[in-house]
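Residue numbers (my numbering), protein chains in the order written: chain A, 1 to 199; chain B, 1 to 258.
These aren't lab readings, by the way, just hints derived from the structure by calculation. We put the beta carbon where it would ideally sit given N, CA and C, even for glycine. Be aware that a few hints might be false.
[Stated by the list, open to error] Chain A stretches covered by chain B per the calculated footprint, using a threshold of three residues with CB under 8 Å from any CB of chain B:
(1) 64-78
(2) 95-102
(3) 134-145
(4) 177-183
[Said to hold, decoys possible] Negatives, chain B to chain A, calculated, CB over 10 Å:
(5) R60
(6) T74
(7) V78
(8) S89
(9) L157
(10) K164
(11) T199
(12) H213
(13) V234
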Amino acid sequence: MPASNSKSMPRSASEPGCDVTQPVPSAPARWPGWKTAWSFVRGPYPTLVSRVVLGGVFLVAGVSKALDMQSFAGEISAYQIVPAALAQPMSIALPLLEILLGVYLLVGLMQRWAAVAAGALLVIFIGVMAWALAKGLTLDCGCFGNTLGLSAFRDTVSLGTIARDALLLLLAIHLNIVPGVWSVDAFRHRRAATLSSDT
Amino acid sequence: MATKKTPTPPKRRPSSNVPTSRQAATPHRQFPASQSEPSPEHQTPARSPRRRRRQTFGQRLMHLSTGSWFAIVTGALVIGIIVFAIIASRGNPTGSSSTSTGLLAVGTPAPAIASLPAADGKSYSLTQYKGQKVVVLEFFAPWCPHCQNETAVLKQLQQADGSKGVQVLSVSASAYGRNYESGDQSPISMSDVQWFSSTFGLNYPALFDPSLHAANTYGVQAFPTIYVVNKQGVITYAGNGEISYASLQQQVNAALSQ
Numbered sequence: 001m002p003a004s005n006s007k008s009m010p011r012s013a014s015e016p017g018c019d020v021t022q023p024v025p026s027a028p029a030r031w032p033g034w035k036t037a038w039s040f041v042r043g044p045y046p047t048l049v050s051r052v053v054l055g056g057v058f059l060v061a062g063v064s065k066a067l068d069m070q071s072f073a074g075e076i077s078a079y080q081i082v083p084a085a086l087a088q089p090m091s092i093a094l095p096l097l098e099i100l101l102g103v104y105l106l107v108g109l110m111q112r113w114a115a116v117a118a119g120a121l122l123v124i125f126i127g128v129m130a131w132a133l134a135k136g137l138t139l140d141c142g143c144f145g146n147t148l149g150l151s152a153f154r155d156t157v158s159l160g161t162i163a164r165d166a167l168l169l170l171l172a173i174h175l176n177i178v179p180g181v182w183s184v185d186a187f188r189h190r191r192a193a194t195l196s197s198d199t
Numbered sequence: 001m002a003t004k005k006t007p008t009p010p011k012r013r014p015s016s017n018v019p020t021s022r023q024a025a026t027p028h029r030q031f032p033a034s035q036s037e038p039s040p041e042h043q044t045p046a047r048s049p050r051r052r053r054r055q056t057f058g059q060r061l062m063h064l065s066t067g068s069w070f071a072i073v074t075g076a077l078v079i080g081i082i083v084f085a086i087i088a089s090r091g092n093p094t095g096s097s098s099t100s101t102g103l104l105a106v107g108t109p110a111p112a113i114a115s116l117p118a119a120d121g122k123s124y125s126l127t128q129y130k131g132q133k134v135v136v137l138e139f140f141a142p143w144c145p146h147c148q149n150e151t152a153v154l155k156q157l158q159q160a161d162g163s164k165g166v167q168v169l170s171v172s173a174s175a176y177g178r179n180y181e182s183g184d185q186s187p188i189s190m191s192d193v194q195w196f197s198s199t200f201g202l203n204y205p206a207l208f209d210p211s212l213h214a215a216n217t218y219g220v221q222a223f224p225t226i227y228v229v230n231k232q233g234v235i236t237y238a239g240n241g242e243i244s245y246a247s248l249q250q251q252v253n254a255a256l257s258q
């Protein structure tokens, strides 16, 4: 009942029942500056690292695949998941979509949605590689194509490649949760705020 | 005695814009069903005629925010990429004889494999078994753990069905040697094939194909890749990855019965 609530819960410190002299419990002492460090980590600046790493990986992987789509089609087929009719269009569409995502992430345009799309792609990649491992397939993961001299990244599907994609997935989640800085999105929001304050 | 009448205020019907308790309890009864539009008192503050006028599609486009424009352009780009991919892939279809895995299709003649040196010092070719034996053709890499696992199945098959007219042949299909998994990218050599043969105790020939011609001809993209070729030289099974002994024997029995 509202009446009883108003009796038991004083609305201001001037009302009887509010003990303003009671000391406020303080946070346990930790190493100095931990709050500042934690707030920095949760802040927008670390998203720069996530954006550059995730966007760079998508951009490089997309360009490398796009330069040799024919062999990428073979790599898709080797997974034995996609029907033959789809392998060819996928070998064209996937690199272009990765390039698009990479550019969006690097410049920070529609960051949250780009991160969702990147995360969805990474979840699919992880699932497909786990499936290949479970099936007893040894094959080139096709993650970085065959061009651009990326032979160091040409590796067979393994727990290591799955872990690498899982790490990238964490970056995508980070970019989805925390808004970016020094990005097109931030510039747009700042401009919109300036315009609304002027009016 | 004249009684003094106090003037009573005229009885007023409750104002329509002050809801009674009943109206407040049942807001959906505020307007009778016969009343198509609420009375002027119920209307929200009047909009300007300019605002009330329905906007055309072009006007709506003009008033879209920048974010909406970005979303529209992005959506158009994604759709454009997908449409382009579909159209471009129509002009560049995969080979008609290949399956969804990129392998040669079941029912097609098995391409000839030139005579290749084996770990046991002899040379073998696919054609030498045509008309005589069902051939289980495995493409392997010495560094591939799944290929190493598969040797147990192939050895068992050779042991059990060798006398029934079945021959297992393994052909190297990787450009790299046995230590590729640990980062060594040195090219494959006969010593790698011999190591594979002796380490896993193969009871069938392991052929050395440094040119990878056979692997490319058979569309090998993953290890192990296994074909079953019947006595007529026609492919009856093609698959990637490890295969169980029971499944492989089933395929071999089907090929033997043809």
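Hints, one by one, checked against the model:
Counting residues of the segment 64-78 of chain A whose CB lies closer than 8 Å to any CB of chain B gives 5, which reaches the minimum of 3, so the coverage claim holds. Counting residues of the segment 95-102 of chain A whose C-beta sits closer than 8 Å to any C-beta of chain B gives 3, which meets the bar of three, so the coverage hint holds. Residue count for the segment 134-145 of chain A with a Cβ under 8 Å from a Cβ of chain B: 6. That meets the three needed, and the coverage hint holds. Given as covered by chain B, the segment 177-183 of chain A fails the check, having 0 residues with a CB less than 8 Å from a CB of that chain where 3 are the minimum.
Every beta carbon of chain A lies more than 10 Å from that of R60/B, the smallest distance being close to 19 Å; the non-interface claim holds. Annotated as non-interface, T74/B brings its C-beta within 10 Å of a C-beta of chain A; the closest such distance is 6 Å. The claim that V78/B is not at the interface with chain A is violated, since a C-beta of that chain comes within 10 Å of its own (minimum 7 Å). The beta carbon of S89/B sits about 4 Å from the closest Cβ of chain A, which is not more than 10 Å, so the claim that it is off the interface is violated.
Look at L157/B: its CB is around 16 Å from the nearest CB on chain A, clear of 10 Å, so calling it non-interface holds up. Once the 10 Å rule is applied to beta carbons, K164/B is consistent with being away from chain A; the minimum gap is 26 Å. The non-interface label for T199/B is consistent with chain A: the shortest C-beta to C-beta separation is roughly 17 Å, beyond 10 Å. With a minimum CB-CB distance of about 16 Å to chain A, H213/B clears the 10 Å threshold, and the non-interface call stands.
Separation of V234/B from chain A is adequate, the least Cβ-Cβ distance of about 20 Å exceeding the 10 Å criterion.
Checked against the numbered hints listed earlier, the structure breaks hints 4, 6, 7 and 8; every other hint is satisfied.
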